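Engineer: Top to bottom, those sequences are chains A and B. Under numbering that gives the first Met the number 0, think of the first position of the first sequence as 0, with each following residue one higher. Under numbering that gives the first Met the number 0, think of the first position of the second sequence as 0, with each following residue one higher.
Hints should not be assumed to be uniformly reliable.
According to the in silico footprint, chain B covers these stretches of chain A (three or more CB under 8 angstroms from chain B) [unchecked claim]: (1) 303-312; (2) 388-396; (3) 528-540; (4) 605-617.
Now the stretches of chain B that chain A is said to cover, found in silico as 3 or more residues with beta-carbon under 8 angstroms [as the list claims (entries may be wrong)]: (5) 389-402; (6) 568-574.
In the BS3-like style, the derived pairs of lysine-lysine whose C-alpha atoms are separated by at most 30 angstroms in a straight line are [to be verified]: (7) A:Lys616 / A:Lys378; (8) A:Lys236 / B:Lys619; (9) B:Lys395 / A:Lys236; (10) B:Lys619 / A:Lys604; (11) A:Lys629 / B:Lys57; (12) A:Lys604 / B:Lys604; (13) A:Lys551 / B:Lys619; (14) B:Lys616 / A:Lys619; (15) B:Lys629 / A:Lys551; (16) B:Lys619 / A:Lys619; (17) B:Lys604 / A:Lys395; (18) A:Lys303 / B:Lys551; (19) B:Lys236 / A:Lys303; (20) B:Lys231 / A:Lys303; (21) A:Lys616 / B:Lys629; (22) B:Lys124 / A:Lys395; (23) A:Lys619 / B:Lys303; (24) B:Lys303 / A:Lys551; (25) A:Lys124 / B:Lys231; (26) B:Lys601 / A:Lys604; (27) B:Lys57 / B:Lys378; (28) A:Lys231 / B:Lys395; (29) A:Lys236 / B:Lys231; (30) A:Lys619 / B:Lys378; (31) A:Lys604 / B:Lys204; (32) B:Lys57 / A:Lys551; (33) A:Lys395 / B:Lys616; (34) B:Lys604 / A:Lys551; (35) A:Lys395 / B:Lys395; (36) B:Lys236 / A:Lys395; (37) B:Lys619 / A:Lys303; (38) B:Lys395 / A:Lys303; (39) A:Lys601 / B:Lys616.
Everything labelled a hint here was simulated from the structure, so no lab data went into it. Here the structure is a predicted model, which means the values were calculated and not measured. In this text, a Cβ means the ideal position worked out from N, Cα and C, and glycines have one as well.
Number of protein chains: 2
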Amino acid sequence: MNPTTLNKSLQLKKLDIRDSFWTSYIRLVRDVVVPYQWEALNDRVEGAAPSYAIRNMKIAAGLEQGSFNGMVFQDSDIAKWLEAVSYLLESEANPELERIADELIDVIAQAQQKDGYLNTYFTIKEPDGRWTNLAECHELYCAGHLIEAGVAYYQATGKRKLLDVCCRMADYIDSVFGPKPGQIQGYDGHQEVELALVKLYRVVKNEKYLSLSKFFIDERGKEPSFYEQELKQREGKVHFPFLDMAQDLSYSQAHLPVRLQTSAEGHAVRAVYMYSGMADIVAETGDQQLLEACQRLWSSIVEKRMYITGAIGSMSHGESFSLDYDLPNDSAYAETCASIGLIMFAQRMLLLEPRSEYADVLEKALYNTVISGMSRDGKRFFYVNPLEVWPDACDKNHTFSHVKPVRQEWFGCACCPPNIARLLASLNRYIVSVQDRTIYTHLYIGGELECELDGQPIHFTQQSNFPWDGDVLFKYEGEQIAHFTMALRIPNWCPGASVLINGHSISLEPTIVNGYAHIARTWQPGDVIELSLPMPVTRMRAHPSVRETVGKIALQRGPIVYCVEEADNGANLHHITLDGGCEFSVEFEPELLGGLQTITAKGVKIPSTDWGNQLYKSEKRGQSLPTTVKFIPYFAWANRGRGEMAVWVRE
Amino acid sequence: MNPTTLNKSLQLKKLDIRDSFWTSYIRLVRDVVVPYQWEALNDRVEGAAPSYAIRNMKIAAGLEQGSFNGMVFQDSDIAKWLEAVSYLLESEANPELERIADELIDVIAQAQQKDGYLNTYFTIKEPDGRWTNLAECHELYCAGHLIEAGVAYYQATGKRKLLDVCCRMADYIDSVFGPKPGQIQGYDGHQEVELALVKLYRVVKNEKYLSLSKFFIDERGKEPSFYEQELKQREGKVHFPFLDMAQDLSYSQAHLPVRLQTSAEGHAVRAVYMYSGMADIVAETGDQQLLEACQRLWSSIVEKRMYITGAIGSMSHGESFSLDYDLPNDSAYAETCASIGLIMFAQRMLLLEPRSEYADVLEKALYNTVISGMSRDGKRFFYVNPLEVWPDACDKNHTFSHVKPVRQEWFGCACCPPNIARLLASLNRYIVSVQDRTIYTHLYIGGELECELDGQPIHFTQQSNFPWDGDVLFKYEGEQIAHFTMALRIPNWCPGASVLINGHSISLEPTIVNGYAHIARTWQPGDVIELSLPMPVTRMRAHPSVRETVGKIALQRGPIVYCVEEADNGANLHHITLDGGCEFSVEFEPELLGGLQTITAKGVKIPSTDWGNQLYKSEKRGQSLPTTVKFIPYFAWANRGRGEMAVWVRE
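The shape of chain A in the complex, shown without the other chains (with noise of 0.2 angstroms):
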């Protein structure tokens, strides 16, 4: 692998979204949610828990007075806040928000301490220790994410002042981290600023970013351990006693060298961030070792440990996996944040290699999961995302007391709100890559590109109704004649695609590489392609060794996975079974929360026959009663008040 042909995905200089399904989830995201994120930062909306990280951030700075309050890694909320102002700010001119940034900006540079060393928690609350429990303390996870904004600002408005902020702050983190005797041989419990630091790198182009990246990486799981090391020097002090994240390596990744490692384990947060920074170093280094390794743990998730909906992590304990083919719906922990870091490893693999397996899970995590965790209206979201809710039982049943059955304001622990409000503001940068002389385009969001191909200009447009339809247009909106390929990512979910050029069909068969129709050829200005993708509704089942789907079916239509809510079918969604044969109706309902497809099938219910005050009898199985059985996208469940919700259904 050549890391300079991998660079050329940079070159991209331009792709608005205009999209009749993504662009009032951005504008959403630009008048609603970061609005609101703004004001739970500051602790104003009412009923919501406080955030305390902007009184945080101003108390270390020395303009308020007062203690520290909220989660140790408070800080990285606003670092994420400001990420999305970013990208807003990239896309479109605002003024007003771009003032709040700048001054948000200053209080953050006046919190940093005279060495570059800048976190709230440890300058107020315990200022003697930095650096003593990497385990826990997540010191350079916030550090990771100032890094993120700070190159996401300069490069949305060319304000070098939180950048300059992040470069002496890695500076400083490079002086105290690294192999040099009376550095720390050590590395962050929550994985972030490897990714973060390669960023950085790319922007100010200073090695010795991704020198540290690398030696952040490297470095987890050696033996003896670092955790226990630094646990023993704490003499056993514990910051989170409730968990066990000082002791349990594998909770960070830290049970092996990330080179050994062969299946995803532990917090899917903290794994998804680690594997994106290997794929980012194997972007800039060519380390055949690590692709393995990512290409190995990418299996191990999407192969074994993956809900259908994209989401990942198994258990509540550790917000973690657990085990291959282990995926209860129920008890799921499927946390926002976790697919959203599946995505960024995935376009990280996109562009080591572009091979649509890696689409294909990035666009299952975006249209179910990720957007599963904000309410129609973006002011409410979810943590956890069940595949099927009984909500008296998460009130009563502790097992499933991390699941919420209704959207919350804010959380104590508010990773995942301002997760997703960057992740779409920048969605932008999902869509398409360049590599060499081909566009690969991974995401069917319609939009404009301009990019350069050997100092060419490339302009050309996207227009679909997705996720609702999958008739693609693509335009060559260029002025110049222009040969180079298209590269047009074959979803998995489409059983037959089709593709007109300027109205001439073409064999589609030969053309596929690695799921990707290639279409090399002289664009002519105006040339047209019209790519068509089948959208029936589809049976899915789960692999056999799945316990908790056994005997029961999902439906997918598109990339969109589909689930039955009491609104539609009453409470007992479990007396609901799909007849093998059964077929779909599908319509547009343009009222349903903003316009959705539903679908609607014939299907019978459990016979309603008196049970008396019998809990169990030995009886027949009844003839079972007719039903129609009406199913939503899974993302738009629970916003029509609380209730009953299930992805897999009985066949």
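Assemble the complex: chain A is given as a structure, and chain B must be docked to it using the hints.
Structural biologist: Showing chain B alone in chain A's frame:
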């Protein structure tokens, strides 16, 4: 209700068990369990968690030096062991065992404080902390168990030493607790002393013990909450920081006065111990309101919150009930002690009103969950008795970390093993009861009964091959004719009982009242009743509101609930489906784990089509593969190594 009538149930003089099934269990308790537990209590079992219980007692008695170890309620293990020993001594002399018990009682007597107080935790570790944390610290619970032991030992041996210790302790407790100024208006977090005080009252006839028991029952759940006041007085100090005992009032059934409680809530063992105590008070006082509360709480359990195995407690958190129809098979708590407590409650309800539904549940819990709690060799124990197990998930998914796929040698919290021992050693007390001139046979366990009805000695034998065969023979062995009624329970699992008296069939239906066939006659020496209870293999279904069992059946034959195990059926038990109309063949396998009746059926398995690396795909349901499915009694699972198990199978 006439309390005097009820007390006639105490007239049984002797009931010796001679039963092909149970005699071996009782021998196991005598020859293996009780000796093993003595070693365990003395910390002499290699590889097992130390108990420290005897050591604590010796330290409190001033016979050894050292500090307290183990749970705050560790004393109760000694008491339960002594109680089991008493029952063994009652049925059969054992001078060596009696000598050990006498020596232990000497130590206990020395550990008693001058004022009558007896609790090693507080005596050794917190001498100033007596009665400061009733919510969590089990002082009265331990006292209750000691009283049960003292009563049983006195009844078995006639020796008063332990009984006197208990009376002094109870007198002291009676001085501390009560409605008078200066007394504590409180009650123990873990009920037990309530039923124990009624036992003590019945033996020593001191009314104040009955009043004290009634005081504890009546005080519970009053406002303002005693536990909240107590917590405030302790300035928030808690003994079990990971639990919520002091604040979650329903955990210890203190959320409402007991007379107002309508559903079984909180810690399942506490609940059924309390209900047992309530029923005892009803028996002594005829309190109608309290009886109605018992009936409501009974219904709440058996109609909505009990597993088909007679297990209770749907969640690990708080070892608790959760909500109606929430009966997860894999994350069940289903504690052995809770089913023992349910048996205690059922027995007391039977004495209040001889209705077969109580005995049906008693039998269900006994033949399934209770003996599932112990390995066939008597050396290993389950605390949790799940209805479905995937061992790998127990290791790696913390949702199931309370579920052990193999029985353990001993537990840090070792409530269950000695509880099984005392129940099995006293099993003769659960078989029949006498009321007026009616002898109720609740359990079909072979043996010999002697009792007196109005001064006339009655003597008969019971013989059967239960639970493998439903033919039961009763023989009147008296030397004189006698007029009385035999009331034979017709179990709810039996589709068509019949009775022959001296070979002549009788019309059964008209004799049945509340589930008992009443055979009133003048019995001649040698008279024989042949009761025939057919035991077809029965497909059981759960109420359609139970989510985890929808579309599934469980097999039951007689009182025995069956399960499939990996040892017989290979891994992936979830692949098995039984056909709605399949036939069953039943076979007694004398070599299998000491002799078990097994069931085989024709079923199908999911086809093992090649899924390659795919986790989800669109696929027609494949042709299933015929297979033979073997079921063994649930109680016998996990005696052939680690493996999967399931009670409910898809149909």
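Engineer: Now, for every hint given, state plainly whether the structure supports it.
Structural biologist: Now the hints, each set against the structure:
1. 303-312: Holds: 3 residues of the segment 303-312 of chain A have a Cβ under 8 angstroms from chain B.
2. 388-396: Since three or more residues must qualify, the claim that chain B covers the segment 388-396 of chain A holds, with 6 doing so at under 8 angstroms.
3. 528-540: holds (count 4)
4. 605-617: holds (count 9)
5. 389-402: As far as the segment 389-402 of chain B goes, the hint holds, because 9 residues have Cβ atoms under 8 angstroms from chain A.
6. 568-574: Result for this restraint: holds, n = 3.
7. A:Lys616 / A:Lys378: Between lysine 616 of chain A and lysine 378 of chain A the Cα gap is close to 47 angstroms, so the pair fails against 30 angstroms, i.e. violated.
8. A:Lys236 / B:Lys619: 56 angstroms, violated
9. B:Lys395 / A:Lys236: 26 angstroms, holds
10. B:Lys619 / A:Lys604: Distance ~22 angstroms between lysine 619 of chain B and lysine 604 of chain A Cα, so the pair holds.
11. A:Lys629 / B:Lys57: Roughly 69 angstroms between the alpha carbons, so the hint for lysine 629 of chain A and lysine 57 of chain B is violated.
12. A:Lys604 / B:Lys604: 24 angstroms, holds
13. A:Lys551 / B:Lys619: Answer holds: lysine 551 of chain A to lysine 619 of chain B is near 12 angstroms, not above 30 angstroms.
14. B:Lys616 / A:Lys619: Violated: lysine 616 of chain B and lysine 619 of chain A sit about 33 angstroms apart, past 30 angstroms.
15. B:Lys629 / A:Lys551: The hint holds at about 24 angstroms.
16. B:Lys619 / A:Lys619: 27 angstroms, holds
17. B:Lys604 / A:Lys395: Violated - the C-alpha atoms of lysine 395 of chain A and lysine 604 of chain B are around 35 angstroms apart, more than 30 angstroms.
18. A:Lys303 / B:Lys551: Cα-Cα ~26 angstroms, so holds.
19. B:Lys236 / A:Lys303: 45 angstroms, violated
20. B:Lys231 / A:Lys303: Status violated; Cα separation ~50 angstroms.
21. A:Lys616 / B:Lys629: The hint holds at about 22 angstroms.
22. B:Lys124 / A:Lys395: 36 angstroms, violated
23. A:Lys619 / B:Lys303: 21 angstroms, holds
24. B:Lys303 / A:Lys551: Satisfied, since the Cα-Cα distance of roughly 26 angstroms is no more than 30 angstroms.
25. A:Lys124 / B:Lys231: Status holds; Cα separation ~29 angstroms.
26. B:Lys601 / A:Lys604: 27 angstroms, holds
27. B:Lys57 / B:Lys378: Holds. Lysine 57 of chain B to lysine 378 of chain B sits at ~26 angstroms (cutoff 30 angstroms).
28. A:Lys231 / B:Lys395: Judged against 30 angstroms, a Cα distance of about 26 angstroms means the pair holds.
29. A:Lys236 / B:Lys231: 28 angstroms, holds
30. A:Lys619 / B:Lys378: 41 angstroms, violated
31. A:Lys604 / B:Lys204: Violated - the C-alpha atoms of lysine 204 of chain B and lysine 604 of chain A are around 59 angstroms apart, more than 30 angstroms.
32. B:Lys57 / A:Lys551: 59 angstroms, violated
33. A:Lys395 / B:Lys616: 35 angstroms, violated
34. B:Lys604 / A:Lys551: 15 angstroms, holds
35. A:Lys395 / B:Lys395: Measuring from Cα to Cα gives roughly 24 angstroms; hence the hint holds.
36. B:Lys236 / A:Lys395: 26 angstroms, holds
37. B:Lys619 / A:Lys303: Status holds; Cα separation ~21 angstroms.
38. B:Lys395 / A:Lys303: Distance ~15 angstroms between lysine 395 of chain B and lysine 303 of chain A Cα, so the pair holds.
39. A:Lys601 / B:Lys616: 22 angstroms, holds
Violated hints, listed in ascending order, are 7, 8, 11, 14, 17, 19, 20, 22, 30, 31, 32, 33; each of the other numbered hints is respected by the structure.
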